[in-house]
Amino acid sequence: MQKAKPIELDVAVVDGVELKGSWNRMFEPRAISEYDLSILDEITAIPGAESLGYCYQCGKCTGVCPVDTVGDYSPRKIFRRTQLGISLMDSPDLWLCTTCRNCLRVCPKEVNMIDIMPAVRERAVLEGNAPEELLQAFENTARYGNPIGEPGRKRAEWTKSAGVSVPIMSQKKSPVDVLWFVECYPSYHPRGKQASTALARVFDSLHVDFGILGNEEKCSGDSQRMAGEHGLFEMLAEHNIKMLSKYSFNQIVVTDPHAYNAFLHEYPKYGGEYVVQHYTQYLSQRLPDMSFTHDIPYRVTFHDPCYLGRHNGEYDAPRQLLKALPGVDLVEMGHCRETSYCCGGGGGGMWLDSFTRDYASERLSERRVKEAVEYGADILAVSCPYEVPRFEDAVKSTGNAGKLAVMDITELLAYAMGLVDSLVMAN
Amino acid sequence: MGPILIVMENGASGFVDSSKELITKGREIAKNLEISSIAVGFGQDAESQLKNLPVDRVIAITNPELSQYHPLAYEKTLSEIVKKEEPYLTLVANTTMGMDLGAGVASSVSLPLIAYCNQVAIAGQEVVATSSVFAGKLMAEIVVPKSGAVLTVMPGAWSATEDSGSPQVDVLSVDIPPSMRILRTIEPEKSDVDITKADILISVGRGIEGPENLTLAEELAEAIGGVVSCSRPVVDAGWLPKSRQVGKSGQTVKPKLYMAFGISGAPEHQQGMKDADLIIAVNTDENASIMDIAHFGTTVDMLELMPALTERLRGE
Amino acid sequence: MHIAVLMKSVPDLVEDIALDEHEGQILFDEMSYVPSEWDDQALEEALVIKEESGAEVTAVSIETQDSDNLLFTALAKGSDNAVKLVGDFDLSLTNRQRAQIFADYLHKQPFDLILSGVQAIDDVDGQIPGLVAGIMGWPHASVVTEVRVKDQGIILRQEYAGGLVAEIESSTPVVVGIQAARKPPRYASIAKVRQVAKSRQIEEVEVPLSNVPALTVRRFYKPVASAHAEMVDGDVEDVAARIAEILQERNLLRR
Ligand SMILES: Cc1cc2nc3c(=O)[nH]c(=O)nc-3n(C[C@H](O)[C@H](O)[C@H](O)COP(=O)(O)OP(=O)(O)OC[C@H]3O[C@@H](n4cnc5c(N)ncnc54)[C@H](O)[C@@H]3O)c2cc1C
Ligand code: SF4
Ligand code: SF4
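From first to last, the protein sequence lines stand for chains A, B and C. Its first residue numbered 1, the first sequence is counted upward by one per residue in the working numbering. Its first residue numbered 428, the second sequence is counted upward by one per residue in the working numbering. Its first residue numbered 744, the third sequence is counted upward by one per residue in the working numbering.
Derived from the structure by calculation, the hints contain no laboratory data. Where is the CB? At the ideal position from N, CA and C, for every residue including glycine. Keep in mind that the hints are not guaranteed to be accurate.
So the derived label-pair ranges between C-beta atoms look like this [stated by the list, open to error]:
#, chain 1, residue 1, chain 2, residue 2, range
1, A, Lys403, C, Arg891, 38 to 46 Å
2, C, Gln895, B, Ile603, 14 to 22 Å
3, C, Leu907, B, Leu599, 22 to 30 Å
4, A, Ser361, C, Arg937, 36 to 44 Å
5, C, Val829, A, Arg105, 54 to 62 Å
6, A, Lys246, C, Met974, 20 to 28 Å
7, C, Leu770, A, Gly402, 44 to 52 Å
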């Protein structure tokens, strides 16, 4: 960049005051075109990342980006830093976006982080230049079909203790109405397995004709895609589509909003076209068939998962279910529906916990839990499998243990329907 | 049947413990099988160190340069000795030196090798070695062939006694091949700890209550020869650096001993430590999930147990 | 400098080991396999050497279940060549047999430096680098954490108990067993591995299976372990005493 040229007169008179030499020095205006834009050009040349260049610095996104509330972040700031020659490729900024989609909602120029992030991250991942934790999750997913690194052969083990029969397609050998795509955390994480058990019992009591893929299922891969491992996503998509092609079913029901997103928008590109619903959508239609026997006399609030709400526009189905529960006093938090906060787990955030910690004053999940407590909620209801462990952990770390319980909607349903013995309130 | 040949390794002062263990056990095996025992040592003090060992014969390779381990010279020399003496068993501890010599010598003299051995038993006419393989998940029971074998033995598999004897002493010096040269030795830096390399971890969780209690953990770690690690809340609170965090978003560790004090055993934590050889959990809650993967557990107060254990270990 | 990296896959311990408990034998065909972690370290060190001082890197593996994937990944990471040794082999090959197969191939090749993982979880009958070196009559050092090229030879760092390190100069050819590379092994993105699998070739070399000294494992068995923690009761002093005893029994108290 050129240095601005000083203008200096021997003597200048300003408002009758005589200013000599350096006292009257001014600088010539400097043209913005003098920035070295080569770094910005490099980034916007990546297919998918073009829109970063559209930013005109209005700052709307900064006000809504959840990461900015705990740090120093937003598309505007990313644009500005890139313009100043800090390459997004080498910057921690590349890994902080949770792809929550809140900025896109307000950006007049449609600067689209949902496309920019995976595109630029993919370049970084190709060069092996990504945080260790994330690479470990990729490697686990490639090897075992789940990011946790649990054996692929144990994916259906949870069904053994579900208390109801959970048919596995390869053994069932007959068509089903609903193919339930269970996903990883609901198959392996202890809290996820509890929610899966609850959902299995709800299906069973509604006489849903359903089946799961069991060990033939692998991670849907959507978060890995957003985190930059497109090749891995493709491999998983091809695998899942091939497995699904072996069976006949009328529709897919998914536990995980990230899988929902993949089935809706990505799998069709690989030939996997299905009727797909999130479990809250499917169950809200079945509400008339449900009978509730137990009260849930608590104040409940709901956290909209980014990939069900903002990404795919479903805000009502989970609320219909919660409102139907006897005794529930449903309160909305300030950040709800379109303006919902983010749990921090999306876009690879689930596998960047340690990395993001260095750039944030607190975790997004901790922010959210505090908000729920402010609104006097006893139960924070969720409908995404990433969220139960994230929020439960945050309840502890914010010193709210015993005040707020975190529960998947299926767990509340199963309790109200008398399908599980107890609601585990204080943890 | 040939003799039993024991390869001695030099430490900072005298032979290392793992070699002394081989002498005790080797002599016992030799006696039972009625074969003779030979110990080989290297370096300028080899003769004086070997000459009181309780074996039948010792071979001292007295080149002063060989006081320090030299992979090529040791391997060549030992291969020559094995060819000449035709031992039934060649024992070397499974240290860096043993990993070098075991495989190198066995294959150059065409003998089988039994690695990671932690037991040798004599059953009638058979000698049976047991090795721990697949990261300790399986034991392999191997009958030592009559034609002999090289065994690399895990340090600590046996205990050493301080017997002495008056063996026949052979002294020789060898040519040191010029193609390998020791340039210098470097002492480890003491300051930075790498919890993934520690054999023993004293790991603390939220149960530690506050940074003022960390000294209890540090003292215990020091008494037992381990390193302090922790669960995430301890790092989040700023009580220990991130490099000490075990788990999903921290380090994955596989120590010989993992002592979990006040750690509940969340899946994110277990992911980083479940493969430890021995897990001892101290948690006032008997139903904490750490108890499902621990080998031993206790529900006493960690803040009382840590000093009590430290004192006991210091006493021993 | 021409470097060969000897690589193999080992049973994946994330899954249970398939064991016929009655016969005491491992069911090799019923397990899944992953690249041996130390071989990954060896490959990384070779690639670091290549980047630092220029070298040609060839990844070599013996054809068993997973070898193509292993070799394509090595190519994706930056290895120049990949060689698969083919013959009448199966998953139950012993390490001694593997070492002989490697040596039979390596004999005829102009490699200066051979790297391989210092150990693997399944080497009951010895570690590959030492066995290969012994068969070929090459000098060898294991438990190495750094290899640098200097003039016609190398300088390596060998690590001993307690973290003591020796710096050793060696002429080539030489075999080195890598404990840890200077950097953590790099990640090869799946996109890259897939692209490599489409565009690059693995060279296949036929090698006979010769007779080698054999070791018969009479039986494999699982050491007894408890599913739930065995609880130690009593007051603090009782518990401390019992724990000290447990540590003593397992030789964890010797310094
Ligand atoms: C994405 C993500 C990543 C994570 N990554 C990690 C990670 O890498 N590592 C990690 O550790 N965690 C991680 N966590 C957090 C994890 O979920 C748990 O919250 C955490 O491990 C709990 O730590 P803790 O066991 O120390 O605390 P707690 O769960 O609060 O347990 C404390 C335990 O101490 C016991 N106790 C209290 N006082 C005493 C006493 N005086 N004597 C004996 N026992 C006592 C209690 O009974 C209790 O069981 C992660 C979470 C998420 C969501
Ligand atoms: S997608 Fe969400 S986290 Fe990412 S920049 Fe936009 S608002 Fe911030
Ligand atoms: S809202 Fe859009 S245009 Fe405005 S600063 Fe943010 S990214 Fe730039």
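Indices of hints not satisfied (ascending): 1, 6
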